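Assemble the whole structure, with the sequences as input and the hints as a guide.
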Amino acid sequence: MMKHFKSTRLLVSSAAVLAVLATACSSSSKTSSSSGSSSPAAPSGSSSGSASGSSGGTTNSNPVTLQLMFGSSGDAETNAVKAAADAWSKQSGNKVTVIPAQNFNQQLTQALAGGSPPDIFYVGSQQLSTLVDNNNLAATGDKVNDPSGFYPSLVKDYTYKGKFWCAPKDFSTLALEINTDMWKAAGLTDADIPTTWDQLETVAKKLTANGVTGLVFNDTLDRVDAFMRQAGGTMMNADNTAFTIDSPQNLQGLQYVQKLAKEGVLKFPKQIGVGWGGEAMGKGKAAMAIEGNWFIGGVKSSWPDLHFMVVPLPAGPSGTKATLSFSNCWGVAAKSKNQAQAIDFINFLTSDQQQMTFANAFGVMPSRQADGAAFSQAFPAQKAFVDGAQYAFGPVGVAGFAAAQTHFDSEIMGLSNGSSDPKAMLAELQKNATDALKQSS
Amino acid sequence: MSLTSQAIPPAVVVSARRPRRSHIRGREGVGGWLFVAPALAGLTLFVILPIGLALYISFTKWSGTTSPFGSGAKWVGIDNYKALLTGGGLAQQDFARSVENNFYFVLLVVPIQTLLALVLAVLVNDKFLKGRGFFRTAFYFPSVTSSVAITLVFIFMFRGDGPINRVLSFFGVKGPNWFANSNGLIHNIVGLFGVHSPPGWAKHVVFTRSIWDWISGPSMAMCAIIVLVIWTTSGTFMLMFLAALQNISEEIDEATAIDGANAWQRFWRVTVPMLRPTLLLVLTLGLISTWQVFDQIFLTGNNPTTTTPAFLSYATSFENFNFGQGAAIAFLLFALITVFSSLQRFLLRDKDAEQ
Numbered sequence: 001m002m003k004h005f006k007s008t009r010l011l012v013s014s015a016a017v018l019a020v021l022a023t024a025c026s027s028s029s030k031t032s033s034s035s036g037s038s039s040p041a042a043p044s045g046s047s048s049g050s051a052s053g054s055s056g057g058t059t060n061s062n063p064v065t066l067q068l069m070f071g072s073s074g075d076a077e078t079n080a081v082k083a084a085a086d087a088w089s090k091q092s093g094n095k096v097t098v099i100p101a102q103n104f105n106q107q108l109t110q111a112l113a114g115g116s117p118p119d120i121f122y123v124g125s126q127q128l129s130t131l132v133d134n135n136n137l138a139a140t141g142d143k144v145n146d147p148s149g150f151y152p153s154l155v156k157d158y159t160y161k162g163k164f165w166c167a168p169k170d171f172s173t174l175a176l177e178i179n180t181d182m183w184k185a186a187g188l189t190d191a192d193i194p195t196t197w198d199q200l201e202t203v204a205k206k207l208t209a210n211g212v213t214g215l216v217f218n219d220t221l222d223r224v225d226a227f228m229r230q231a232g233g234t235m236m237n238a239d240n241t242a243f244t245i246d247s248p249q250n251l252q253g254l255q256y257v258q259k260l261a262k263e264g265v266l267k268f269p270k271q272i273g274v275g276w277g278g279e280a281m282g283k284g285k286a287a288m289a290i291e292g293n294w295f296i297g298g299v300k301s302s303w304p305d306l307h308f309m310v311v312p313l314p315a316g317p318s319g320t321k322a323t324l325s326f327s328n329c330w331g332v333a334a335k336s337k338n339q340a341q342a343i344d345f346i347n348f349l350t351s352d353q354q355q356m357t358f359a360n361a362f363g364v365m366p367s368r369q370a371d372g373a374a375f376s377q378a379f380p381a382q383k384a385f386v387d388g389a390q391y392a393f394g395p396v397g398v399a400g401f402a403a404a405q406t407h408f409d410s411e412i413m414g415l416s417n418g419s420s421d422p423k424a425m426l427a428e429l430q431k432n433a434t435d436a437l438k439q440s441s
Numbered sequence: 001m002s003l004t005s006q007a008i009p010p011a012v013v014v015s016a017r018r019p020r021r022s023h024i025r026g027r028e029g030v031g032g033w034l035f036v037a038p039a040l041a042g043l044t045l046f047v048i049l050p051i052g053l054a055l056y057i058s059f060t061k062w063s064g065t066t067s068p069f070g071s072g073a074k075w076v077g078i079d080n081y082k083a084l085l086t087g088g089g090l091a092q093q094d095f096a097r098s099v100e101n102n103f104y105f106v107l108l109v110v111p112i113q114t115l116l117a118l119v120l121a122v123l124v125n126d127k128f129l130k131g132r133g134f135f136r137t138a139f140y141f142p143s144v145t146s147s148v149a150i151t152l153v154f155i156f157m158f159r160g161d162g163p164i165n166r167v168l169s170f171f172g173v174k175g176p177n178w179f180a181n182s183n184g185l186i187h188n189i190v191g192l193f194g195v196h197s198p199p200g201w202a203k204h205v206v207f208t209r210s211i212w213d214w215i216s217g218p219s220m221a222m223c224a225i226i227v228l229v230i231w232t233t234s235g236t237f238m239l240m241f242l243a244a245l246q247n248i249s250e251e252i253d254e255a256t257a258i259d260g261a262n263a264w265q266r267f268w269r270v271t272v273p274m275l276r277p278t279l280l281l282v283l284t285l286g287l288i289s290t291w292q293v294f295d296q297i298f299l300t301g302n303n304p305t306t307t308t309p310a311f312l313s314y315a316t317s318f319e320n321f322n323f324g325q326g327a328a329i330a331f332l333l334f335a336l337i338t339v340f341s342s343l344q345r346f347l348l349r350d351k352d353a354e355q
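For the protein sequence lines, the chains are A and B, in the order given. Numbers 1 to 441, taken from this note's numbering, label the letters of the first sequence in order. Numbers 1 to 355, taken from this note's numbering, label the letters of the second sequence in order.
Calculated directly from the structure, the hints in this document are not laboratory data. It should be emphasised that the depicted structure is a prediction, and the values quoted were computed from it without experimental measurement. From the three backbone atoms N, C-alpha and C, an ideal C-beta is built for every residue, glycine too. Please note that the accuracy of each hint is not assured.
[Said to hold, decoys possible] Only some residues are given here: those of chain A computed to face chain B with a beta carbon under 10 Å:
| hint | residue |
| --- | --- |
| 1 | 86 |
| 2 | 89 |
| 3 | 109 |
| 4 | 131 |
| 5 | 134 |
| 6 | 271 |
| 7 | 400 |
| 8 | 413 |
| 9 | 431 |
[Stated by the list, open to error] With a straight-line Cα cutoff of 20 Å, these simulated EDC-like cross-link-like pairs (lysine to aspartate or glutamate) come out:
| hint | chain 1 | residue 1 | chain 2 | residue 2 |
| --- | --- | --- | --- | --- |
| 10 | A | 438 | B | 79 |
| 11 | A | 259 | A | 142 |
| 12 | B | 61 | A | 239 |
| 13 | A | 205 | A | 222 |
| 14 | A | 383 | A | 352 |
| 15 | A | 335 | A | 142 |
| 16 | B | 203 | A | 421 |
| 17 | A | 438 | A | 428 |
| 18 | A | 205 | A | 263 |
| 19 | B | 61 | B | 250 |
| 20 | A | 438 | B | 319 |
| 21 | A | 438 | A | 239 |
| 22 | A | 156 | A | 146 |
| 23 | A | 270 | A | 411 |
| 24 | B | 174 | B | 161 |
| 25 | A | 285 | A | 181 |
| 26 | A | 285 | B | 161 |
| 27 | A | 163 | A | 239 |
| 28 | B | 61 | A | 133 |
| 29 | A | 285 | A | 263 |
| 30 | A | 423 | A | 181 |
| 31 | A | 259 | A | 198 |
| 32 | A | 262 | A | 411 |
| 33 | B | 74 | A | 435 |
| 34 | A | 143 | A | 352 |
| 35 | B | 203 | A | 428 |
| 36 | A | 283 | B | 161 |
| 37 | A | 270 | B | 161 |
| 38 | B | 82 | A | 435 |
| 39 | B | 74 | A | 133 |
| 40 | B | 127 | B | 250 |
Encoded structure:
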């Protein structure tokens, strides 16, 4: 018996030891740089005022390998980023491993939790606060060339707790896209392009006929908020310490959306069996849509025969112009051992020349104000998007707001049949957002 | 099984009382452990340890972007569970809604798929049916196809202007915009009788939702997913019933025929009671898998009337970076499944045989 028990015990305990060893060894820290250089080379060219042209490459004697992870919108973006990485590698002598993530949020969280994050990664304005609070980001916004050259609204989106955390990469704003064929067929001219809410309602009514809906946009705060802002409302107070959602101005904006929906001149994509405004216009089910720069690329391949024009969103009742902007920035991991080289790479990526290359490749707008003119010249059809940058507002950046927004979004479709009450929706969003803010602080 | 029910030769009894087992048994024991060791290691590494870690995480506030073992995961005790069960805020509302959605899903899917599987198995078991093999394959085929692929096809079919509504229009029925429709089935049914708003007693709020909300039934979107899941999984259970049916010897059928029972009586009085173990298996498996439904919900997107606890756990963790609450939802789901499975086993236990 003793011999039998001993051998069983030995086997079981060795299996257990193996299991524990395997777990412990599996999370060994992998450094992202291939060479052993731990002292960053002195960055050159970062003190120059303007960011025109490509930044001077750093020729180190110790070439490092940077890791760049991002969530791609498609092949165009992936190829553009890879090309930029190759160009900078040749110039600087360092190498870049570009990782287009399948499920970006998941992969980035895993990499951060595992202690070996990529050196550079996309950061959306909604995730900024979470990443900063968990000490995942290095504050590099002020360290790149000419930080004041970025659009002020973008700088504001990526400033948190008094620091400018990352250089904005590009952005899109919302504008009104109009099907020019339907426009002309309804007898409308350039003089009828809506610049006020009433005018928008009028043209939407004129264009709603024969199974075509005048205006279609997604049932999300990321569209409806544009109207709330045009009415003069805000999401948060000036120092982002409290939510100001339940306000008369926001109510006015939401009630305007309700009015259009009840009249049937505004429909939401799910109600007409499409996924987004671009598809509605492409399939001839809508005359107008509210989308961002991605509209252009999104309809070009599927519906090349769609003739459209892009005009700015109308102004609110008191003449306030407002639109929403969506952007990402180049975040640098706090744990990165190659921060200086990363900053050098970011200087290259945010240079005027490279930003126009990205714009040509996948249709995003440069984040530097000085490039706005060049962009408008190259893409005159997109001028309305560029002009929107002057009065654009970014999304709310509080961790946990997304859940509150999902709840709000689910009730927007109910505005068209009266099953949702705007005041109650705003009050509920205010309550849920405030709870989220309390929890995240 | 009891040792005293058979006569045991004295030699074996003596050896059974001896503390030392024979040398041959000992070697077999070691061999057994050796064979099991890799599977055991895999189970421990990939199932037991992650579950233990998840349990730990459910008592912390962790955003997933730092190491869970360091200062990144703040210990908050049962705060996550409190927020889900009593908080009154969005967490409790979403959880209550997801449990309600999943409850109606289970209520409709499990009985219907069990019944359908049984009926199909009986049909296919018929000796005189021509093309049995073909039918067996056809009924089983949805179970082996990727659930993602099936869901995508169903999303297309159930669109507002899709094939299903077209066919319904041939019968003069205007089908709802399935996946975009959040009206509950029961609300629609009572709406046909003119009841459109909740009566007084139904306005009472229980666990953050009014009783009228609780009895809304599955939404049209959920109904589409229910049809999908029933169609997909009845094949697997049909196979189990088929195997059990083929174990029932023909002599029993002949005996009941001789005794004068017709087919209906034979089915309900003889066949089904003999299928009790398989029925138990099918019901247990059905309950467990329907409470954990995720793939179809993930693909049909953001609709609060189709959110289930499993999907809510995923969304809370990966989209809201609140892994602590996500893990808490997962463990509450585990408790729920355990309760329901035990309840079902208790109700279906064999009252006559000894435990």
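Hints, verified against the model:
1. 86: violated, 30 Å
2. 89: violated, 28 Å
3. 109: holds, 4 Å
4. 131: Status holds, d = 6 Å.
5. 134: Interface hint status for residue 134 of chain A: holds (5 Å vs cutoff 10 Å).
6. 271: The hint holds - residue 271 of chain A has a Cβ within 10 Å of chain B, the shortest such distance being about 7 Å.
7. 400: holds, 6 Å
8. 413: Check passed: Cβ of residue 413 of chain A comes within 7 Å of chain B, closer than 10 Å.
9. 431: holds, 8 Å
10. A/438 x B/79: holds, 14 Å
11. A/259 x A/142: violated, 45 Å
12. B/61 x A/239: violated, 25 Å
13. A/205 x A/222: violated, 24 Å
14. A/383 x A/352: Holds - the C-alpha atoms of residue 352 of chain A and residue 383 of chain A are around 18 Å apart, at most 20 Å.
15. A/335 x A/142: Holds, at about 18 Å.
16. B/203 x A/421: Status holds; Cα separation ~18 Å.
17. A/438 x A/428: Roughly 15 Å separates the two Cα atoms, so the pair holds.
18. A/205 x A/263: Holds, because 8 Å separates the two Cα atoms, which is no more than 20 Å.
19. B/61 x B/250: Violated: residue 61 of chain B and residue 250 of chain B sit about 61 Å apart, past 20 Å.
20. A/438 x B/319: holds, 18 Å
21. A/438 x A/239: Roughly 15 Å separates the two Cα atoms, so the pair holds.
22. A/156 x A/146: It holds: about 15 Å lies between the C-alpha atoms, which stays within 20 Å.
23. A/270 x A/411: holds, 13 Å
24. B/174 x B/161: holds, 10 Å
25. A/285 x A/181: holds, 13 Å
26. A/285 x B/161: With Cα atoms ~13 Å apart, residue 285 of chain A and residue 161 of chain B stay inside 20 Å; holds.
27. A/163 x A/239: At roughly 13 Å apart (the allowed maximum being 20 Å), residue 239 of chain A and residue 163 of chain A satisfy the hint.
28. B/61 x A/133: Roughly 13 Å between the alpha carbons, so the hint for residue 61 of chain B and residue 133 of chain A holds.
29. A/285 x A/263: holds, 17 Å
30. A/423 x A/181: Roughly 38 Å separates the two Cα atoms, so the pair is violated.
31. A/259 x A/198: Holds, because 11 Å separates the two Cα atoms, which is no more than 20 Å.
32. A/262 x A/411: Distance of about 14 Å is within 20 Å: holds.
33. B/74 x A/435: Between residue 74 of chain B and residue 435 of chain A the Cα gap is close to 19 Å, so the pair holds against 20 Å.
34. A/143 x A/352: holds, 17 Å
35. B/203 x A/428: Holds, at roughly 19 Å.
36. A/283 x B/161: Between residue 283 of chain A and residue 161 of chain B the Cα gap is close to 13 Å, so the pair holds against 20 Å.
37. A/270 x B/161: holds, 11 Å
38. B/82 x A/435: holds, 14 Å
39. B/74 x A/133: holds, 13 Å
40. B/127 x B/250: Given that 20 Å is the threshold and the Cα spacing comes to 11 Å, the pair holds.
The structure shown violates the earlier hints numbered 1, 2, 11, 12, 13, 19 and 30.
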